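Trainee: Listed here are the chains, written in short residue letters.
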Amino acid sequence: MMEFSPQHLLLWSLALPLIGAGLICLLNDGRPQRARTIALVTTLLTLLVAGRVAFMFPANGINLESTGGAFALTDASWLGKISGLDVRFSVGLDGLSVWFYALSALLSFCCVLLSWESIHERPATFYSLLLMLLCGMMGVFAARDILLFYVFFEFTLIPLYFLIGIWGHEDRNYAATKFFLFTLTGSVLTFLGLLTVVLVNFSHTGDLTFSIPKLTAALGPVGGHPMPLHLQLWIFAALTAGFAIKVPLFPLHTWLPLAHTQAPAAGSVLLAGVLLKLGTYGFARFNLPLAPEATAWLLPALLWISVAGIIYGALVALAQTDMKRLIAYSSVSHLGFCMLGLFALTPLAVQGGMLQAVNHGLSTGGLFAIMGMIHDRYHTREISALGGLARRTPWMALFMVFFTFSSIGLPGLNGFAGEFLLLAGMFQRAWMTTGPGGLGLKVIAVLAVSGVVLGAWYMLWLVQRVFFGPLREPHGTGHGHGSHDELGHDLKQPDRPLVRDLSLREIGALVPLAVFIFWIGLCPQFFLSRMAPALQEATQPAAAAWQARQTNEAADRQTALNPRPSVPVVAETSP
Amino acid sequence: MSDPLANIRTLLVLVPALPLLAAVVTAVLGPRVLKSRAHWPVVLGLGLSAIVALMLLAEVNRHSRNMAHDSKLAATGHVTLWRWTGIPDVLATPPAAAAAMEKAHTTPPRMLPFDVDVTLRVDPLTALMLSMVTFVSFLVAIYAVGYMHGDRSYWRFFAYVGLFVFSMTMLVLVSNFLLLYVFWEAVGMCSYLLIGFWYQKPEAAAAGKKAFLVNRVGDFGFALGIFLIWITYGTLNFHDTTLSSGGVLPGVLGQIRLGDASLYVPGGLATAICLLLLVGACGKSAQFPLHVWLPDAMEGPTPVSALIHAATMVTAGVYMIVRCTPLFGASPQAQQVVAIIGGLTALLAAIIAVTQTDLKRILAYSTISQLGYMFLGLGTGSMLGISAGMFHLLTHAFFKALLFLGAGSVMHALGGVIDLRQFSGLRRKMPVTCWTFLIGCLALAGVLPFAGFWSKDRILAAVHERAHAVVAGYHSSFPVYEWLYWVAIGTAFLTAFYTFRAFFLAFCGPERVPAAAHPHESPNTMTLPLAILAAFAAGIGLTLEAGSWFDSFLAESPSLAALAAHETGPAGSHLHVAVLSTVVVLIGIGLAAFFYLGERTQIDRLAMWLRPVYEASHRKLWFDEVYDLLIVGPLRILAYLLSLVDRFLIDGLVNLIGRLPVWLGAVLRPTQNGLLQSYALAMAIGVLVLLGTLVLF
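Those protein sequences? They're chains A and B, same order as listed.
Sequential numbering of the first sequence, starting at 1, is according to the numbering used here.
Sequential numbering of the second sequence, starting at 1, is according to the numbering used here.
Derived by calculation from the structure, the hints in this document are not laboratory data.
Misleading hints may appear alongside valid ones.
[Claimed, not checked] Have a look at the derived ranges for each label pair, beta carbon to beta carbon:
hint, chain 1, residue 1, chain 2, residue 2, range
1, B, Ala684, A, Leu231, 36 to 46 Å
2, B, Thr80, A, Glu154, 16 to 26 Å
3, A, Glu154, B, Trp622, 54 to 64 Å
4, B, Leu629, A, Thr185, 40 to 50 Å
5, A, Leu231, B, Gly665, 29 to 39 Å
From a predicted model like this one, the values you see are computed outputs, not experimental measurements.
Think of the CB as a built atom: it goes at the ideal place given N, C-alpha and C, for glycine as much as any other residue.
Bound conformation, chain A alone (with noise of 0.2 Å):
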């Protein structure tokens, strides 16, 4: 057997999606069975070489010293170097990203099974723009340079953009306008904000580099040139402006239900599963670590606003009647959870925090995807128009519940890992906390403990609602009465009965997720293990400069009991 070096697996995942969506355009017949054969195949064999590659990737930052932290690294001038400019193609894969770029490709082939039967409409142009999409993840999470960083994470937009506007339910064309302009609104000032630094680099060294291991390592509190606090809190705030929308925090979400509630099946999978992501990464990959001082100027703030997520997100889910709106809003308290574990800046708590990232994407793109399935045979999204399908949809309802429970933390399953690990590292952080900033953080901790309790709360009660009880089912289900994509399927066959379980191929969807939540829940040591060296890295900077800040005040507050010690201040540090 031919054995290929990672960095040409990793280049031929990124190129396999673009010379798939080629493929489908190219033998495009306006049937959907050739598109989504080429899909699955695509989609099947980008999963094969990214997970290969993933697999590869060592535990605890063994052998990774020489290309300064990255595996599977391809550097390459890209643009030349036009005036100093020096914009290079260079991808790779560190412990921050690895599992979100293998993640990526999972959900991409659980998407394409899911679409299946659902897409009748332009099969070719949504299957290409998926593969479209699916390249730009994967890119976003490779990259290694700021400009081809942005680049990705904009591409990104325009597929998704696209499958809503396209694909999308009664509303599509609000949603997909309101998520384009307020994703790119954010992206633009983000894009500000990367620039900058650039520049900033650029003053201190003469070197105009947009590679980012370079700036951080520049900027960092050991390259030197650390920046002054209030350009950090300008950058800061700058960043902010594009991940704190993908991500997204309180107040910046309401674009997500919309987006949500009206994207096709694959759309919502993909956008809970992988793009919400990239906030989260966007967070740990450039504010920590190019703007430690900042974060950690911020750090109660950021806290009270991943707290705030986290609570309101659980209650206005719980008043919801529409199933996937409930479940966007469960997003945003999940994603709570995340920021709070990577604000809480603790080894425990952004460890458990980026696993979170991952077992979100895996349990809410499950979620997602059973929404979808309803939507196929029901076309409703309406709780109240359901009941009891456990009696006619047994395999879905235990699919359902299954990732319900993952979803909510039981322990032995993937959730339970990821807050678990978040939720002690935050209790540290609080209870580590001395003077009078420690309260607060007692009181954050406290209250994202009891939103374990809320998540159960609507989840539960959606099962409960559409699964239990006496069987209820729309009027006229599979008469076609539903909207623009009925099932025809039941119409030709009238003899068959109209709602049937999960076929095979939507088990094959589901079974891949259920896998890996079960794995990262038995053995999270596996995944945490090849995340944290790049995590410490990332935000060693920010809790070093929080621990200043805690010391300093301690000093304040012994100097203004004492105004004149007579022996020398003593601080207490804890780290």
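On the provided structure of chain A, position chain B as indicated by the hints.
Mentor: Just chain B, lined up with the frame of chain A:
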């Protein structure tokens, strides 16, 4: 030298592995291959598991005796299966960990890791729990073969039961707070699935959700407690572990700490940790004020009520508190709260049980009440009380499972009817059920010499002793334990009364059944477990009471050894306590006979006379209503208001900002008047955009 503990290690892995295997086999083969034989893997698996658990008990017994002379605290074996997480250097070594490490002659490192291993270990406490859990589950599984016969989802039931037994055995085997929490929630999940087993019934689905959520509230406290333990003691392991950097990290319940009670953090922190753990225990063991889920859980199939909601899962809270005895030992205040919660729960639940008409709900409230007794025993903080609590846990498991299965047998005969107002006088049609039920009632009421008498008497004695004991570090101007003693006596009276009220209503009096039902004795698969359980309910109390095996064996558990060493032998005779409780119980039974045998007119007059009390009891002290009014309702309203805020205020603001450019244009427009060509240009662009939009969509 061959490892003397190798046997134990093999056995303790087998105990949970067999039920898990059975559950998986049933789930895979059940729906297609096994169908109506789907019970075989689980019955077989549980039977083998019970045998293995008894062998394990014998092994542990042998070793704990052999090892007693060199070290009472010797651990009896660990098995580490795999590493769940191992994150180095996450926590600055807290003072409590540093102190204990210095005690063990190791230099504390600057940072501690977050290492969680999936480690199983066994000690007398665990071995006792394992034997009880697997044995009762085995009997219940046999019973379910008859009870669930012909159910649409026969295999699903047995798969769930297998999964539950796996989780429950793991719960008592694991050696780490995180994993304890894992299986704590896992049994909760099984309970959720089994309560909602007949998911088409809206009440069943709602009850399942309620059980899960109330338990989640308890788990919220439990999780906070675990976090506090972690940052206080620097580890979540029970056992001492070797750090990868060298040196020994003392576990929370490990040999090093157990050897020296001063290594447990005292004061407010200890109280906080214990109270948070208690919140978790209250959720799982249905103690006031988190007891509301258990009566509703009776919507599940009756074998489930017997197994999960009477015999095994609900005792997890008791197990956890016994396991954490050293932690509670550092806080007499917390122990007092445990006792108060227990006493209060015992009394309130008994009051409610007196007027209920649903046989299974009466039994549910009696379970809550009896668990309250156990908590009361643990709350004394003495070896006598803890041992009495565990003793009651064991006897209760047998007689309560018996009573529930008896009630199930009645339901089976009457086609699902369980309301005591609809039937009576079943003794002739169902003799086996009647007689075994009577034995269960005698045990529950605590009549000499049935099981409940011995264990309840011990708890009463322990409380009585505690009321008159002097405990270091504890002062109270109010005689709490004295009061609790009288509460417990009062509860004993109520227990006897409501138990025999139920028995007389169901089995005595004129024969009366619902029109559609054809009462008959249940099949052998159901009556056999009844008979076996009845034998245990009758005899296990006296068996364990005779000789001091139970106490001394339990005292070999690491968590209890230190406490046991402090206490000087068994307490003196408590004859007056036994006499008092017996008198009270006989009065209760007599009153029940007076009111419910024969005419039954006096009771209506009494109910009229005590109208407010009757209403309060009948309406279950309005717990559900109060929760709905104070918590669920307001949260629902808040949720609704927030969803309005989200839609109109926050999103409105966003849209407002989105319109800003348009308005800006409107403001700027007057500056542009007169330039026709610019209008034309604007129009052309506008048309193009419109066309573009139309074409695209």
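Trainee: Against this structure, judge whether each hint is valid.
Mentor: Status of each hint after checking the structure:
A hinted range of 36 to 46 Å holds for the C-beta pair alanine 684 of chain B and leucine 231 of chain A, which are about 44 Å apart. Remark: the range hint 16 to 26 Å for threonine 80 of chain B to glutamate 154 of chain A is contradicted by a beta-carbon distance near 49 Å. Glutamate 154 of chain A and tryptophan 622 of chain B have their C-beta atoms about 59 Å apart, which keeps the hinted 54 to 64 Å range intact. For leucine 629 of chain B and threonine 185 of chain A, the Cβ-Cβ distance of about 45 Å falls inside the hinted range of 40 to 50 Å, so the restraint holds.
Restraint check, leucine 231 of chain A to glycine 665 of chain B: a C-beta distance of roughly 34 Å satisfies the suggested window 29 to 39 Å.
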